[in-house]
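Residues per chain are reported as follows:
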Amino acid sequence: MSDNGHIIVGLEIGTSKVCAAVGELTETGELNVLGLGQAKSRGVRKGEILDAEKAGDDVRQALAEAEEMADVDIESVLLAVTGRHIECANYRGVHTIPSVDRAIGDEDVQLALRNAKSQSCPAGSEIIDSVRQDFIVDDHTVYDNPVGVVGGRLEARVHVIRGHANRLATSRQAVENAVPVRVEKPVFGGLASALAVLTTEQKQAGAVVVDLGAGTTEFAFFHQGLLRHSGVLAVGGDHVSNDLAYGLRILIPRAEELKLEHGTAVARPESAGVQVRGDSTSLHGGRGVSLEHLERIMSHRIEETLELVALRLREADALRMATAGVFLCGGAARTPGILEVARRIFQCPVHQGLVQGVSGPANVLENPEFVTAIGLLRYGAMRSRQRVQPNLLGKLRSLASLSSFRSFLF
Amino acid sequence: MNSTGSLVAPSVTLCGVGGMGAHLLRRLDSSPGSRLWTLDTEVPAEGGYGQGPSPVVVGRAVTRGLGCGGDPAHAQRIAEEDAESIRAQLSSGLLVVLLGGGGGCGSGMGPVVVRLAREAGAFVVAVVVEPFDFEGPLRRRNSEQCLAALQGSADLVIRVSNQSMVRLHPESTLVHDLMRHADEHLVGVLEALVRMIQGPSLVPVGIADLERWTRGRLAHAVAAFSEASGEDRIGRLWSGLVDHPFLDASARFAESSGVLLHLTGGQDLRLEELEWLHHQIHRHCPRAQLVVGAGSEARGSGSMRAFLLSVHHSAGLQATPAATPSITYAATKVSSAGRLQFEDVPSSTESPGRSVTPVVGTRTGTRVRTPATKPSEAQTQFEFVPAWTGRFDPAEGTLFRGENLDVPTFVRRDIGLN
Ligand SMILES: Nc1nc2c(ncn2[C@@H]2O[C@H](COP(=O)(O)OP(=O)(O)O)[C@@H](O)[C@H]2O)c(=O)[nH]1
Ligand SMILES: Nc1ncnc2c1ncn2[C@@H]1O[C@H](COP(=O)(O)OP(=O)(O)O)[C@@H](O)[C@H]1O
Ligand SMILES: [Mg+2]
Ligand SMILES: [Mg+2]
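As they're listed, the protein sequences go chains A and B.
Numbering-wise (the numbering used here), the first sequence opens with residue 1 and increments by one.
Numbering-wise (the numbering used here), the second sequence opens with residue 411 and increments by one.
Computed cross-link-like contacts, SDA-like style, restricted to lysine to any residue with a CA-CA straight-line distance of at most 25 Å:
no., chain 1, residue 1, chain 2, residue 2
1, A, Lys40, B, Arg801
2, A, Lys40, A, Ile252
3, A, Lys54, B, Ala805
4, A, Lys40, B, Glu806
5, A, Lys40, B, Asp803
6, A, Lys117, B, Glu682
7, A, Lys40, A, Ala64
8, A, Lys54, B, Asp803
9, A, Lys117, B, Arg680
10, A, Lys17, B, Glu806
11, A, Lys40, A, Pro253
12, A, Lys54, B, Thr808
13, A, Lys17, B, Asp803
14, A, Lys54, B, Glu806
15, A, Lys185, A, Asp51
16, A, Lys17, A, Leu365
17, A, Lys185, A, Ser76
18, A, Lys40, B, Thr808
19, A, Lys117, B, Leu681
20, A, Lys54, B, Arg801
21, A, Lys40, A, Lys54
22, A, Lys17, B, Arg801
23, A, Lys117, A, His85
24, A, Lys54, A, Ile252
To list a few chain A residues with every Cβ distance to chain B over 12 Å, as calculated:
no., residue
25, Lys17
26, Glu53
27, Val72
28, Val94
29, Asn166
30, Thr170
31, Ser384
Source of the hints: derived by calculation from the structure; they are not laboratory data.
No residue lacks a Cβ here, since even glycine has one placed at the ideal position from N, Cα and C.
Let the hints inform the model, and build the full structure from the sequences given.
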């Protein structure tokens, strides 16, 4: 079943869980989630694999579960990567058209793109994706697609996402050494999440997706259908629990539990003097802790994390241009009150980010934790469409339809 | 020294005690905004009264200007009897006292100057030049006793070792050349120290940052400096520091409990360079708390200078358990606001344990002590406890604009829990 080219598998080795999603891309271009598997992640810190063996075991478990549910044999996966080794930046590449009065051709575009890409990769790092933005011909006019335009100087703008070659190899090998599956390609997790959550209209209008994970917080900003900015912060839900463990003098597992049960993003005045114990049936139960302190500690961490994201987003003026707003996903987006806090900090509309335009079991689609893995399916779908299109439709048709999914040209 | 800033730099007074102290001061470039004076029991042979710093000669009646014969106890008595002449020179600013520990005058009078200066409200850094081995055990003992006395009285003691120069030279080297080479390194360290205190700062850091870790404890610092420009300047700057004879000879750099790094470059100092240095220090000194500062200097293009102080606590005197390292940039608002104190630090990364008792509201003191502070106020015992990062590897800190984000936010923000 997997060799018909319509099965896409996304794998996220997250800090808190490993998640595999199996999707099917139908003839008509619809995307269905057929299966999902997950395992607790034990080999990852802040998004990076520290223990490849444990990570491999967790991957095996998640993939096996997904295979069984989808009833397919998984041969290859798109692998979400994150961590502070990931660097995202915009680059420009210039190509001078050799003879004047000649219309810009596809080759010129490729050369300009290549020039942009070539400046962006220092030794030891590897380009994960280089996403094409727009083009400037002769220093003024901006084109989505400059092919056919007459001009002398072509400047291509690209958003380049790169990572440490070694770290990327570690992730790839953790999978390939554990299971007989090929890693097709690494994909930045923040980009995958954004693709899952945003509609074409939102990407056009301007929107930001912030994925609040356990070890990392990723963000991506789209405007006019183009990926304008992205990035990652090595801070996440684990930091919240860590702060709680410290401040409340409890062990981390108990902090994690209290966070899930009593956590909020805003400290509430009515919590003063209240003691909480956590789940009474829990192994970690014990003396009560101050709810007031819990909320105070937690709200400061969440506020700071969002402030740091806001700072990064403002580098690209993203918060002002995100007219469709900011969408929060990832497990920590479940934190009660986080939308209000985010609104205050981002100063723009903030929503829960839910998977859009994908069908599948509701209990899979509505989980903020699975957004990245499902986003990988969307990535795969766009990629395969892009690949087959020129052969199927011919060059002319392909050019005509460029702008409809130009947010995804590499 | 090229202090080129337009800002008013803090005033610093340099005081050379004894022959070596005066000798060092004469070799320093004149430093605008700093005052130099020397204290001795004998009239200086070289340098004269002319261009050198103004000398204060004490105990003339006893020594007839002929010195104290290498007897620290004798020198100490002289200084105490003539305390008024010394007090007349003192003010409440920052005072750097320079002396050779092996002799009599510097090692005997130095601690007296330090004490009087502290009483006058000064912040005192003592720089002790330790003797060559060939000078014999008597001088070594003088130096050790002087060091012990200074550690108990100065705000910070910096040790620089003459002997550390010996390894760098073949045995046939002339003693004269050896001493001149040692002098160059001593002067380099002093100039870097003054540059840090007085130069225009980008990321301010001061001796006071270090003093926080040393106050009330038997601590000392070892200093090094280096300079590099051009290709891979940062790599060479770093090797210049770690290979610096003063640092290298101490062989204990890896055990530093605190490291202060001060960089001066042009406008071209890059964040990645700072971060790379950070990383190196972390790898070298996993237990060290780190303070980084940077100064700007309108100098030749691409040239960069570094000054490093590595702080050590004398063994057996530390009550603090094995420390978890952390990073504090002096420039961040957060660290300047002071940090919380903890009675205990969990040793296991997975368990904060029951033993962590935050004593909220006890601060590590203001970052720069106001000169007028009464000495008694400064006597409070301050524990050096690095910030806790719990489940996260302290060597892999999440650095952002100089803060380690792995340290709980509420701790960095100084939010109380009561
Ligand atoms: N590097 C260097 N060290 C010196 C020099 N003169 C003295 N010293 C050191 O300083 C110590 C004290 O000497 P000195 O200052 O003359 O004695 P004091 O006047 O009695 O304090 C000696 O033991 C030497 O280790 C010098 O010219 N160069
Ligand atoms: N209700 C909740 N309140 C606060 N945090 C939550 C909640 N549910 C999940 N989380 C946090 O979300 C994080 C896991 O999110 P996830 O997106 O799966 O992370 P990752 O992709 O890094 O594995 C954990 O830190 C977890 O504590
Ligand atoms: Mg994730
Ligand atoms: Mg003398």
